[in-house]
Amino acid sequence: MMLSRIADSLFWIGRYMERADNTARILDVNYHMLLEQPPDTYKLRWDPLITVTGERTRFYQKYDEAVARTAFDFLGYSEDNPNSIAQCIIRARENARTIRDRISRELWEDINGLYHKINRLRDEGEDLARFCDAVKRGGHRFHGVCDATLPRDDGWHFLQAGCVLERAEMTARILDVHYHQLLEGPQILNEARSHAWMAVLKSVAAYEFYKRQYTQIEPEKVAELLLLDSRHPRSVRFNLGLLQNSLYAISGSVPGTYTNEAERLTGRTHEQLTYDSIDEIFAGGLHNYLEELQVTCRTIGAQITETYLYYAVSA
Amino acid sequence: MYEKLANMPLEIFEERRKLADLSYLVQGITFTVYSDGRGTERLFPFDLVPRIIPRSEWDTIERGLAQRVTALNLYLQDIYGPQRILKDKIIPRNLVYSCKHFRREMVGLQVPRDIYVHIAGIDLVRDSRTGQYLVLEDNARSPSGISYVLENRLVMRRTFPRAFEVCEVMPVDHYPNELAKILRSISPRTGDRPVIVLLTPGLYNSAYFEHCFLAQEMGIELVEGRDLVVVDDVVYMKTIHGLTRVDVIYRRVDDDFLDPLAFRADSLVGVPGLMNAYRAGNIGMANAVGTGVADDKAIYAYVPAFIKYYMGEDPILHNVETHLCSDPDQLAYVLDNLKDLVVKAVGESGGYGMLMGPSSDKKTIEDFRERLIADPRNYIAQPVIPLSRCPSFDPATGSLSPRHVDLRPYCLYDGEKVTIVPGGLTRVALQRGSLVVNSSQGGGSKDTWVLRGDE
Chain A
1 MMLSRIADSL FWIGRYMERA DNTARILDVN YHMLLEQPPD TYKLRWDPLI
51 TVTGERTRFY QKYDEAVART AFDFLGYSED NPNSIAQCII RARENARTIR
101 DRISRELWED INGLYHKINR LRDEGEDLAR FCDAVKRGGH RFHGVCDATL
151 PRDDGWHFLQ AGCVLERAEM TARILDVHYH QLLEGPQILN EARSHAWMAV
201 LKSVAAYEFY KRQYTQIEPE KVAELLLLDS RHPRSVRFNL GLLQNSLYAI
251 SGSVPGTYTN EAERLTGRTH EQLTYDSIDE IFAGGLHNYL EELQVTCRTI
301 GAQITETYLY YAVSA
Chain B
1001 MYEKLANMPL EIFEERRKLA DLSYLVQGIT FTVYSDGRGT ERLFPFDLVP
1051 RIIPRSEWDT IERGLAQRVT ALNLYLQDIY GPQRILKDKI IPRNLVYSCK
1101 HFRREMVGLQ VPRDIYVHIA GIDLVRDSRT GQYLVLEDNA RSPSGISYVL
1151 ENRLVMRRTF PRAFEVCEVM PVDHYPNELA KILRSISPRT GDRPVIVLLT
1201 PGLYNSAYFE HCFLAQEMGI ELVEGRDLVV VDDVVYMKTI HGLTRVDVIY
1251 RRVDDDFLDP LAFRADSLVG VPGLMNAYRA GNIGMANAVG TGVADDKAIY
1301 AYVPAFIKYY MGEDPILHNV ETHLCSDPDQ LAYVLDNLKD LVVKAVGESG
1351 GYGMLMGPSS DKKTIEDFRE RLIADPRNYI AQPVIPLSRC PSFDPATGSL
1401 SPRHVDLRPY CLYDGEKVTI VPGGLTRVAL QRGSLVVNSS QGGGSKDTWV
1451 LRGDE
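Here the protein sequences come in this chain order: A and B. Each residue of the first sequence is one higher than the one before, starting from 1 at the first, in our numbering. Each residue of the second sequence is one higher than the one before, starting from 1001 at the first, in our numbering.
Possibly wrong hints are sitting among the right ones.
Claimed, not checked - The list that follows gives simulated cross-link-like pairs (lysine-lysine, DSBU-like), each with its CA atoms no further than 30 Å apart:
1) B/K1018 <-> A/K136
2) B/K1238 <-> B/K1181
3) B/K1018 <-> A/K117
4) A/K62 <-> A/K136
Said to hold, decoys possible - What the simulated footprint calls covered on chain B by chain A, stretch by stretch (three residues with Cβ under 8 Å from a Cβ of chain A suffice, anywhere in the stretch; the number is not a length):
5) 1220-1227
6) 1240-1248
Simulated from the structure, these hints should not be mistaken for lab results. Built from N, CA and C at the ideal position, the CB exists for glycine as well.
Take these sequences, add in the hints, and give me the full structure.
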């Protein structure tokens, strides 16, 4: 038995924690990459980062240009950005606080501890690298604590669904924005471009894995890994596979069937990612493919909400 | 014990105090204060020095409370039933009917097992002149604070494990079990596993931490009004797999906000139709609706008479001398002596709406005088009781010094007997000289140790 409201909170704890983690990753990798770059590539590299988070308009209402300082301010702490890391953690914590009787004490203390830590780092004026490091570690610990302390009931599957859906969408978006900037944007040095792709891989913790398989940095291969790989925990296919498992566990549907729209869309997209080849995807246009993926992810989220979390009751 | 603490090097005490504070912060044991506009979370200040009550003293308190809670229930059965006490003119009819929390809807309604007040928090003070415990007020609606009792004990055990080896302290941890037993017993459906929920106003309620804590400890569902729906006078909760029937509600939402169709229509935290389900006998509720007619501060003055009337006994615990402003003679006395009295609004709790005569300036007193004259029924007055004091840690001097305390034990009534976990919430006025212990007014709390013996 699980209240819809509690399932909703778990779903959003998963989403917000994952969003905070991903944002810290892209912020951190970009920062480190630029330490060794000529200054004229600066502008080029902070701007797409803002676009990745989907908050471009809000950003330029507040700041004149995208540089490390403004990006850190906006993506790290800003109250004007509902998706800033601090705001995500605040909302994850609010959700956890609301349902703290339903989660393990360890999980609550972990999320609450991260919240207090972020506040302290801000008060101490801690730099970007250490801040992002704290958030990433917090993300890892979050998954560890969930894994080690939560029963595998419906609640677990809603939390899991929130995490993997967010991660799938974030990976698609990171790829989309960088692809656009690097291949279709203004010309930059080859060397810089290669660095940038490396940064993309590092931001999703896939650099080492990539190197073992492909050695050379090529955009098609990077896209292949991040979209279609069946083993890497940040590829879109991998995450939609996990989402499918969780949705089946919640509804009791058998694999190969579906009982609601969220399951149908997840199953269909997962199959596509399983059987599409990267050459076909590039032939049809990567950007379109990625855009469609992001739209599908959002629809799946809306369908989960409509099916389980907010449904109408006739009294 | 106090000696040991007094001799403990300051650094070590400080270190343990910080450890304890940290564990409260990490666990998020906070309460919400509203006065600064947007509701801030604060730690409830905790004083590491326990308040110690010898067994013999506790025995008297326990018997007195059991007697009082039984009488309150008998009174409520009577008021919402045959009203013998009104016919016998023990208490004026208009005083009862004019209570802010009297619920006409409850008259003639049969509540499960005839229990109205399942949970009562009775505030006691100890008069330092006589050493006697007096009842300061009854809380018969939804008293809060028990979670602090249980958490304080947990923190104390972590912080001073050795002290528990030496002193034989009576345990308090069985409270949630006892409460759960009572809740199960008021289910209208037979069957071994009734569905019980705790209804909370939500995250922004000052006692939200406690609601979560108790739901978890009892293994019951914590719900908000929006999780519940009434269909054909039956209460259900909305789950991911459809509607599930609910049998018992431990509600921590005030009567006023419980059902927008029956009471305040602007309530966003209630459940439309809940009163109909209650009336139809399809749901058990603790505490019952309308118990505020027992803890009104003017009714309080009559509780000793209830004990005599319903039980034929003399009260074991006495009231603080109380002047009812609804009575013209008593009002005249109060108005003449405002600067020496404590004046309280009858339907309020938590230290809101009161006047501390001796520590108030002239203007505040004059403001209150006008309010009293305009609405005398709404006020009572009591002499200032010199509260007993208990050694507490003073961070300013780094030593132990006496601070005023009160005590709120939590009483559970199952229809036959009253169960009280030994001790209760000791609230302490952390400011030197202050007599106000409410958490919303800068008070703190201590663990309360009832010893197995007198030593």
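query: Against the structure shown, which of the earlier numbered hints fail to hold, in ascending order?
result: Nothing - there is no hint that the structure violates, so all of them hold.
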